[in-house]
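Engineer: From just these sequences and the hints, can you work out the full model?
There are 2 protein chains.
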Amino acid sequence: MTSQEKLLGKTLKNKHIAVGLDPDLSKIPGFLHSEDNPILQFNKIIIDCTEKYAASYKLNFAFYEKYGIEGMETLFQTIEYIPEDMLVIADAKRGDIGNTSQMYAASVFDYFRADAVTLHAYMGEDSIAPFLNYHDKISYILALTSNKGSNDFEKLKMDDGSYLYQKVIKKTLEWNQFNNCGIVFGATNETELEENIGSFGSLNVLLPGIGAQGGNLERVVNAFKLVDKDNFLINVSRSLLYKDNSREFARASRNEIISLNEEIERILNP
Amino acid sequence: MTSQEKLLGKTLKNKHIAVGLDPDLSKIPGFLHSEDNPILQFNKIIIDCTEKYAASYKLNFAFYEKYGIEGMETLFQTIEYIPEDMLVIADAKRGDIGNTSQMYAASVFDYFRADAVTLHAYMGEDSIAPFLNYHDKISYILALTSNKGSNDFEKLKMDDGSYLYQKVIKKTLEWNQFNNCGIVFGATNETELEENIGSFGSLNVLLPGIGAQGGNLERVVNAFKLVDKDNFLINVSRSLLYKDNSREFARASRNEIISLNEEIERILNP
Numbered sequence: 001m002t003s004q005e006k007l008l009g010k011t012l013k014n015k016h017i018a019v020g021l022d023p024d025l026s027k028i029p030g031f032l033h034s035e036d037n038p039i040l041q042f043n044k045i046i047i048d049c050t051e052k053y054a055a056s057y058k059l060n061f062a063f064y065e066k067y068g069i070e071g072m073e074t075l076f077q078t079i080e081y082i083p084e085d086m087l088v089i090a091d092a093k094r095g096d097i098g099n100t101s102q103m104y105a106a107s108v109f110d111y112f113r114a115d116a117v118t119l120h121a122y123m124g125e126d127s128i129a130p131f132l133n134y135h136d137k138i139s140y141i142l143a144l145t146s147n148k149g150s151n152d153f154e155k156l157k158m159d160d161g162s163y164l165y166q167k168v169i170k171k172t173l174e175w176n177q178f179n180n181c182g183i184v185f186g187a188t189n190e191t192e193l194e195e196n197i198g199s200f201g202s203l204n205v206l207l208p209g210i211g212a213q214g215g216n217l218e219r220v221v222n223a224f225k226l227v228d229k230d231n232f233l234i235n236v237s238r239s240l241l242y243k244d245n246s247r248e249f250a251r252a253s254r255n256e257i258i259s260l261n262e263e264i265e266r267i268l269n270p
Numbered sequence: 001m002t003s004q005e006k007l008l009g010k011t012l013k014n015k016h017i018a019v020g021l022d023p024d025l026s027k028i029p030g031f032l033h034s035e036d037n038p039i040l041q042f043n044k045i046i047i048d049c050t051e052k053y054a055a056s057y058k059l060n061f062a063f064y065e066k067y068g069i070e071g072m073e074t075l076f077q078t079i080e081y082i083p084e085d086m087l088v089i090a091d092a093k094r095g096d097i098g099n100t101s102q103m104y105a106a107s108v109f110d111y112f113r114a115d116a117v118t119l120h121a122y123m124g125e126d127s128i129a130p131f132l133n134y135h136d137k138i139s140y141i142l143a144l145t146s147n148k149g150s151n152d153f154e155k156l157k158m159d160d161g162s163y164l165y166q167k168v169i170k171k172t173l174e175w176n177q178f179n180n181c182g183i184v185f186g187a188t189n190e191t192e193l194e195e196n197i198g199s200f201g202s203l204n205v206l207l208p209g210i211g212a213q214g215g216n217l218e219r220v221v222n223a224f225k226l227v228d229k230d231n232f233l234i235n236v237s238r239s240l241l242y243k244d245n246s247r248e249f250a251r252a253s254r255n256e257i258i259s260l261n262e263e264i265e266r267i268l269n270p
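As you go down the protein sequences, you meet chains A and B in turn.
For the first sequence, the working numbering gives the first residue as 1, with consecutive numbering after it.
For the second sequence, the working numbering gives the first residue as 1, with consecutive numbering after it.
Hints in this document: simulated from the structure, not taken from any laboratory.
Treat the hints with caution; some may be incorrect.
Result set (BS3-like, lysine-lysine): computed pairs, CA atoms no more than 27 Å apart in a straight line [unchecked claim]:
| no. | chain 1 | residue 1 | chain 2 | residue 2 |
| --- | --- | --- | --- | --- |
| 1 | A | LYS171 | B | LYS167 |
| 2 | B | LYS148 | A | LYS170 |
| 3 | B | LYS155 | A | LYS170 |
| 4 | A | LYS171 | B | LYS148 |
| 5 | A | LYS167 | B | LYS157 |
| 6 | B | LYS170 | A | LYS155 |
| 7 | B | LYS148 | A | LYS157 |
| 8 | B | LYS170 | A | LYS167 |
| 9 | A | LYS148 | B | LYS155 |
| 10 | B | LYS171 | A | LYS167 |
| 11 | B | LYS155 | A | LYS167 |
| 12 | A | LYS157 | B | LYS155 |
| 13 | A | LYS229 | A | LYS170 |
| 14 | B | LYS167 | A | LYS155 |
| 15 | B | LYS171 | A | LYS171 |
| 16 | A | LYS170 | B | LYS171 |
Structural biologist: Structure (structure tokens):
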């Protein structure tokens, strides 16, 4: 099954939540701390209780790299535990010259066996091409992010009056020959989303920023509904993982994703 | 000793070569392949024979991540083997929202104990700040890179007539309050280097692109000489590591760095 098929297998059933497995030891329920590997155990329980409802799991590599080699083992074992039909996004934000990107691609796709990756496109086409050579994977390119710093460069105006993030979207469309490209578009930028969604073509869209960062779910989903576009994922991490930190945390997380799914369903089919 | 002190300890003695430890198993001399860990053994020999002449070692994380957990162990052990007074650059090209960059910073600075890191600034100030909070480390921000893809975004014109990479340099100067910032500037862009070097202020400069990529050493060193700037590093990887792949490879690599140092000395003090 290609990554695109995995994605559509979920989104066509109106599942759009990418659960961000960004485990923070300081926020994991206390009773798990006596486990051999509290983070792995936490991840497994979150997967167990959300896999019926999730469209994808997104693993932010930083949260594992922080713990060095042990963390990378946890990352590997977590990915191994995720059901086969589920899109696994390596949120690694890589990007380097060609021969180097080739190795990053080997790391995320061959070694960690992720289905998709997030990428910095600042260095241009040859820094992205080695990832795109994996035709059955998905490369999500950072266009407009959800943070305040998006004003520093992404939202700067170019000499033709467009914004830098619009240039990135345009290039990504050119790179999408094998229908294996996507963009990251921060859900906190609802207005920009509404204004630009017509230019996304068939690009997959990954939207962080709902939940802890304050993006508006209704406006985001409506934007996609209006252009009749299914291939979008909304990332939710902290607000789902740490809804509750008692022994009933798993139920709280499961209820959170169910309620998000219901909300999305209500917006799509009122 | 701060990273800045380590750097100046070398560059003030006219040592400017950052040896790129980017080991490629397919290019490592055959006789090392019977070793338990050929890459680690190769790195150790390269360090042994170049440490008297090098200003820094730059480890491109991709070359280790490619081999997964085993690769990360090799990365860790390689850094451990590098002499204490030598600037270790984690060429990891990271960059993410604040709470995530915080974890990447912990990974490269606390876990791997690197002295410096390379960063993507596309996501703006809050993606860089957690690295800059390590006042005694150096953060090299990608400005203008050495590859063809630098035309796609870095060299695009902004509405005020400047180029995107110039905007990045300007921002980096603002971020340099603790004198712990640097920029990556590809040595293949000699003309842009000559035109912009006056705007670099006290920023450290890391220049890849000499050697395999074709940058001109003489023009690059002369540009720094003209502005009387010492805190620059020229990265050399493939052309030094794989000068020879016989049993005498170490001598060839050592001779290569000695000859580069002599060339630089000749340009600086003709």
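Engineer: Each of the hints needs a verdict: does it hold here or not?
Structural biologist: Results for each hint:
1. A:LYS171 <-> B:LYS167: holds (20 Å)
2. B:LYS148 <-> A:LYS170: Given that 27 Å is the threshold and the Cα spacing comes to 18 Å, the pair holds.
3. B:LYS155 <-> A:LYS170: holds (16 Å)
4. A:LYS171 <-> B:LYS148: Satisfied, since the Cα-Cα distance of roughly 15 Å is no more than 27 Å.
5. A:LYS167 <-> B:LYS157: Roughly 11 Å between the alpha carbons, so the hint for LYS167 (chain A) and LYS157 (chain B) holds.
6. B:LYS170 <-> A:LYS155: holds (16 Å)
7. B:LYS148 <-> A:LYS157: holds (23 Å)
8. B:LYS170 <-> A:LYS167: holds (21 Å)
9. A:LYS148 <-> B:LYS155: holds (24 Å)
10. B:LYS171 <-> A:LYS167: With a Cα-Cα distance of about 20 Å, the restraint between LYS171 (chain B) and LYS167 (chain A) holds, given a limit of 27 Å.
11. B:LYS155 <-> A:LYS167: holds (12 Å)
12. A:LYS157 <-> B:LYS155: Distance ~14 Å between LYS157 (chain A) and LYS155 (chain B) Cα, so the pair holds.
13. A:LYS229 <-> A:LYS170: Answer holds: LYS229 (chain A) to LYS170 (chain A) is near 18 Å, not above 27 Å.
14. B:LYS167 <-> A:LYS155: This hinted pair holds, its Cα atoms lying about 12 Å apart.
15. B:LYS171 <-> A:LYS171: With Cα atoms ~25 Å apart, LYS171 (chain B) and LYS171 (chain A) stay inside 27 Å; holds.
16. A:LYS170 <-> B:LYS171: It holds: about 25 Å lies between the C-alpha atoms, which stays within 27 Å.
Of the hints listed earlier, there is not a single one the structure fails to meet.
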